[in-house]
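Participant: From first to last, the protein sequence lines stand for chains A and B. In the numbering used here, each number is its position in the first sequence, counted from 1, plus 1423. In the numbering used here, each number is its position in the second sequence, counted from 1, plus 312.
By construction, these hints were calculated from the structure, which means they are not laboratory data. Accuracy of the hints is not assured; some may be wrong.
[Unchecked claim] Rough simulated footprint, nothing fancy, chain A against chain B, three-plus residues with beta-carbon under 8 Å:
#, region
1, 321-328
2, 364-373
[Claimed, not checked] Here are the simulated lysine to aspartate or glutamate pairs, EDC-like style, with alpha carbons at most 16 Å apart:
#, chain 1, residue 1, chain 2, residue 2
3, A, 1729, B, 449
4, A, 1638, B, 382
5, A, 1638, B, 453
6, A, 1762, B, 453
7, A, 1638, B, 454
Positions of the beta carbon are idealized from the N, C-alpha and C atoms, including for glycine.
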Amino acid sequence: MDWSERLTRSSQHLLGHAVHFTRALREAGVTVSPAQTAVFAESLSAVNLLEPREFCDAARLTLISKREDLARFEAAFTKFWRDLGLGGVPDELLGNLRLPPPKKPSQRPGEVRDTGAPKNRDPNASPQTVVDRALTFSVDEVLKTKRFDRMDAGELEQAKRAIERFEWRIRPRRTRRLEAAGRRGERLDMRGTVRAALRLQGEFVRLKRKSFASKPRDIVVLCDVSGSMERFARLLLHFVHALTQGRVKHRVESFAFGTRLTRITKALERRSVDDALREVGATVNDWSGGTRIGGSLNGFNRGAAKRVLGRGAVVLLISDGWDQGEPNVLARAVERLQKTSHRLIWLNPLIGTAGFQAQTRGLLAALPFVDDFLPIDNLKSLGELAQHLSNLDSRRGARQSGAGRIKTT
Amino acid sequence: MRPQSIEATLTALEAHGYVAEQSLATAVFLALKLERPLFLEGEPGVGKTEIVKVLSKMLGTRLIRLQCYEGLDVSSAVYEWDYARQMLEIRLLEASGERSATTVRREVFGADFLVKRPLLQALEGDTAPVLLIDELDRADEEFEAYLLEFLSEWQITVPEIGTISAAQPPVVVITSNRTREIHDALKRRCLYHWIDYPDYQKELRIVQQKVPDVPAKLAQQIVSFVQRLRDMELYKAPGIAETLDWAASLMALEVTSLEPAALEDTYGTLLKYQDDIVRARAAARDLLAQMQPV
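Generate the whole structure from the sequences, applying the supplied hints.
Facilitator: Dropping the structure here:
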């Protein structure tokens, strides 16, 4: 549901909420007089309630009279909106939204603007809610850094909603197909050049050019759903679903594995996340069982890999690395996987754990063949992943070879 | 001359040196009979390209081959203009005092200046050629979309000249190594056939036919060993092409019976991944032992 729909529904209650808000502001230590509250209420009839920026401005203009209170105001406002169930709005209100870029109204003569970072902010004021630029959704700091397996049902719901709103972009891949380009094009377009010349009595005045076209990069997800991953698996599948349904049309191929590999791409292509996850649950047989990462990856390398890794795909391997198989088998499988993919990113929910070290022998053996080893245990790490993907190098990184060879007898 | 039955197709293919499975012969026969493109998929080295060459020999027609790759576009697959000659012609016309832009354009974009690429070539001639569109999985979706149109209309439009259509549609065979899935719409337009590895008897006949000097016993050992290798979990199981290379290598090394030493010297003709060679080496003794009764 779009936030404005939600807001429309709740607008009749808005006045009541507004009164609550002034109370909340007082609790936060801001002095608000009854007269200010009355002006605020009046101002609400003059602004477009569906325009959150206007609403926020109205509140700030009418209720706040000291620069020192601005931080408290913003913190209280963020909380107020979230309590209204409009979690996505506050970023926008605070001017931190990245996409689409906020329209900045031109400064009117004499208008004094809040320039963002006041120099002499009250050091005792509660810290302002800073929106992580890597996250295009808004949740508070606590939730953002809370591990998925420690969240209660309500928080999980919020996290899922945040994940659904997430915008995933991977830097596009340059294809070998040429398309018409401006003067900076890297190849000469002879056909276009001759045609242009004919229009000028055969004078070759301007050279037409072409450039290589770009396409969204393919993504392959290999998700561990074995017993040790149980606490994370559902939420992470939510994430894979969001990735599949993303607005940028990446081709996403997904596989789940425990002791063997199951393709879940079709299931996750279902629009509704609930239907999708239900189907995944029905498709995957070794849910919450043992783990043979090496064996599963080998199965992938020998089979599906040949069909889905052809076009320089980014591979996201989601696993905690608890492998019951032979370490060398895992290392060799990971090495092959790396060599056939554009970039191999191992996402491990345990990295975030205090004192975590890659200790399992399989993981230790495999790590040299992983391009990135990143955490995926809370919303913040997802945000960082998104950031990482959007800045991905268009060339393959330097790689080594020689994962533990099988000893010949 | 097109064969009139599946049996005749099988015989004709064999007469031209291709040992085919019954099912493949059926596919070829139907493709010719129904004038439908034949879509062949299978692991590399199972003889997809080979059958097309044989087919053109069998039919006594030209073979036109289009090798696909990413970015394959109209100027490489269909037609291109000869720009150097066009530029020269513009200058010549200018020198002769021709000033009418229309005339110049008509001259320069005439059929004489058209460079025909495989798809356009395939529409020409009185007898239908065999058109091989090889490894379509390497091309991109844009080309696939173009091909879909070509396969349904059997005509090509060159804006400057007009529409060129075939007197008789070419015999089209499309191959794919399945490095990605080809769109359903295209496959639906074709007869689809998956070429599998041949069984022992078939492969033995192929080896004896292609490497005639190989002693009967060695041929049996070679085929038996390869067939067992294919049962192992390898990244790239050896195809028929590899079997033949291997047989030829063993002949060149004057090997008369399959022994570990000979095997060790020639793994590279059979297997193309170091990991696979390591696996095969580990299993070689067992494999050789299993073969003894043969």
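Participant: Just pull the numbers of the violated hints for me, sorted ascending.
Facilitator: Going through the list in order, the structure violates hints 1, 2, 6 and respects the others.
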